[in-house]
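Chemist: Listed below are the residues making up each chain.
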Amino acid sequence: MQDFLELAVSATASGCVYGLIALAYLLMIRPTGIINFAVGEWAMVGAFGGHLLLSRYEWPYWLGMLAVLAFMAVVGWVTERIAVRPLMERGTGVLAPILALLGVLVITREIISVSFPPDPLPVPYAFELQDQKYFIIAMTALVFAGAWLFFEKTVLGRAFEAVALNRRAAALMGINLSRVTAFSFAAGATVAGLGGLLVAPNISAHYLMGVPLAIQGFTALVIGGVGRVEGALIGGLLLAFAEQLTIRYAPIPSGFAQGVPLLFLMVFLIVRPTGLLRTRA
Amino acid sequence: MKKIIFALLLATGTANAQTIKIGVITDRVGVSKPYSEPATEGVIFGADEINRKGGVLGRKIELLIEDDQSRPDISAALARKLVDQGVVFILSVSLSPATQQQQTVTMEAKTPQMTPMNSADYLTTQLQNPYFWQTGPLGSTQIATLLAHARSKNFKRVALITDNSDLGQAIGKAFKGTLEKAGIQIVADEVVARGATTAMPQMQKIRAANPEAMFLAGVLTAENVLIFRAYKELGVKFPIHSSYNLSVPIYESVAKGLIDGITFVDAYDPDKPEVKAFVAAYKKGTGKDPQNLHGYGYDGINLIADAIRRAGSTDKEKIREAMQKTSYAGVMGKKGMKYTFPEGKRAGFDTDGMVVRVYEKDKQGRVVHVGQK
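In order, the protein sequences belong to chains A and B. Taken in order, the first sequence gives residues 1 to 281; the numbers are from the working numbering. Taken in order, the second sequence gives residues 1 to 373; the numbers are from the working numbering.
Derived by calculation from the structure, the hints in this document are not laboratory data. Possibly wrong hints are sitting among the right ones.
Unchecked claim - Computed list of chain A residues with no C-beta within reach of chain B, every gap over 10 Å:
no.	residue
1	A11
2	E89
3	I112
4	Y134
5	E161
6	L177
7	R179
8	R248
9	L277
As the list claims (entries may be wrong) - Computed list of lysine to any residue pairs in SDA-like fashion (alpha-carbon distance at most 25 Å, straight line):
no.	chain 1	residue 1	chain 2	residue 2
10	B	K205	A	F256
11	B	K205	A	P117
12	B	K237	B	D260
13	B	K176	B	D166
14	B	K205	B	P249
15	B	K256	A	P117
16	B	K205	A	Q258
17	B	K284	B	S253
18	B	K205	A	L245
19	B	K181	B	L167
20	B	K256	A	L52
21	B	K205	A	Y134
22	B	K256	A	F127
23	B	K325	B	D306
24	B	K232	A	D3
25	B	K33	A	P117
26	B	K325	B	T125
27	B	K81	B	D315
All C-beta atoms, glycine included, are put in the ideal place defined by N, C-alpha and C.
The following block holds chain A by itself, in its conformation from the complex (with noise of 0.2 Å):
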């Protein structure tokens, strides 16, 4: 029993490390309907962000975190100015983004890959190994509160569903569209940085870490479903336990365990392609 506890807390801070980038794919596909790639990048610089304020200059960690947080927040709305906004105003659709964004992903790569040392780097915790898992749940799950009271109690947030259900209807009611594409690019980039930044103790800040974790995020949002924001937590969740569950009580060689999820991903794309949640009417 204590065993399972253990794992179950374990896979639960996974899971909120999936469901955060999940999360940062959603605030960027709902307004837009651009696949922001780069999301795992992104969670890359935040994760050296903090190797370079907390582990180098050894900042208070609160301090370091927030200055991490707000230079994501630039990088969004940065990016969103660069590679989004220039080709949404030629109309060119949802895809030319999308590619310009791939572009992001490996320029973002390769300057940090020169930057740094090749090795893996540290980053410290927020408090202690011990206590990472609790402090990363309890931030995802600040964030997701945050994000649900935006979506359902803000004017802004209904803005955003306003423009996610019809780009052309909301321009109509007078939404500022660019405004809510730069606010949901800078938002998306804030909570990917977060994921890197709080699951960094754990991985290392690496040069290649990003890919593995826009990955997870992924596929973390297509079984949770793009409708609403609990599903990327949910689907987070789900994802980590799958995996976890599988690799410790599963009588398969560790080996093939890591398939289990994607065998996951593959049925609930088949049965259920909408995710698991639906959209509200």
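Position chain B against the provided structure of chain A, taking the given hints into account.
Modeler: Same frame as chain A, but now just chain B:
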């Protein structure tokens, strides 16, 4: 970095028609960079030291350094380029497959070539190239040494853990074969995937199997650190015996507080007189502490200088004959070990020359076991 450039300028600045040219093929951007970079610094420091002491046969050594990105295709072309530029020896500090590819050129051009650090067993067995030598400890020696240490502990039941990289799987397989042959039961055999965010389920499984020790064959640093974290979080106590990968000093900073007591195979004994002299000289010359990886490069360039001295000429055939008769004590290897190539063999690291060391707090510490006995 500035120091390297300075040393390079120093090495090339004094170059004139009288220099002895030695080619170095390294990796500055590819997968071997973490290993090749310090080794190359060791080569540059060694060449600089030799030149300050008057050079070889009254002539200075000039290093021609090329970057092959660990890519075998590029590597062979660079070997050709170096031969055309008139090098008398090529020193390979890139990846094993790249070194292997360079041999196609050195064999044909009859140019001596050596690698001071590659560990692949096949480098001197697949090609009968009399112009090639390998002085790094072989993969098979690493495993045998680690197992000899394990045997001295009389383990009956052990766990094995690795990652899903090619090399991690290969080392894991070699560990498994050797352990089973020694009659030691493997009670858990786990894999941590690249990009995982925790190794908790694997370590729980190992804990449940209740082994007397755990063998770590993984080579991915971040994933190995996950394993150490889960080990610490679960508070388990069985000892960890690790592959050669843990001899890379990056763990001292990235796995701070997690590695105390872990034993690992190495080819470096900090108590050896040659090592002490090397560390002091390196610190004085560069202001930095050298790692074991610097020692490989340093030994490589000194082995070449030693062969040229004994050959008494820069004639490549005479250097080849002298190199084969090498008997040289360097920085790497156990106390008193000499690099030799008896009976026409070209892998020169004594199979009894590796050691097992232990992490003490966060530092690579003392030697706890020597050789294969």
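Chemist: Going through the numbered hints above, which ones does this structure break? Give me the numbers in ascending order.
Modeler: 1, 8, 11 and 14
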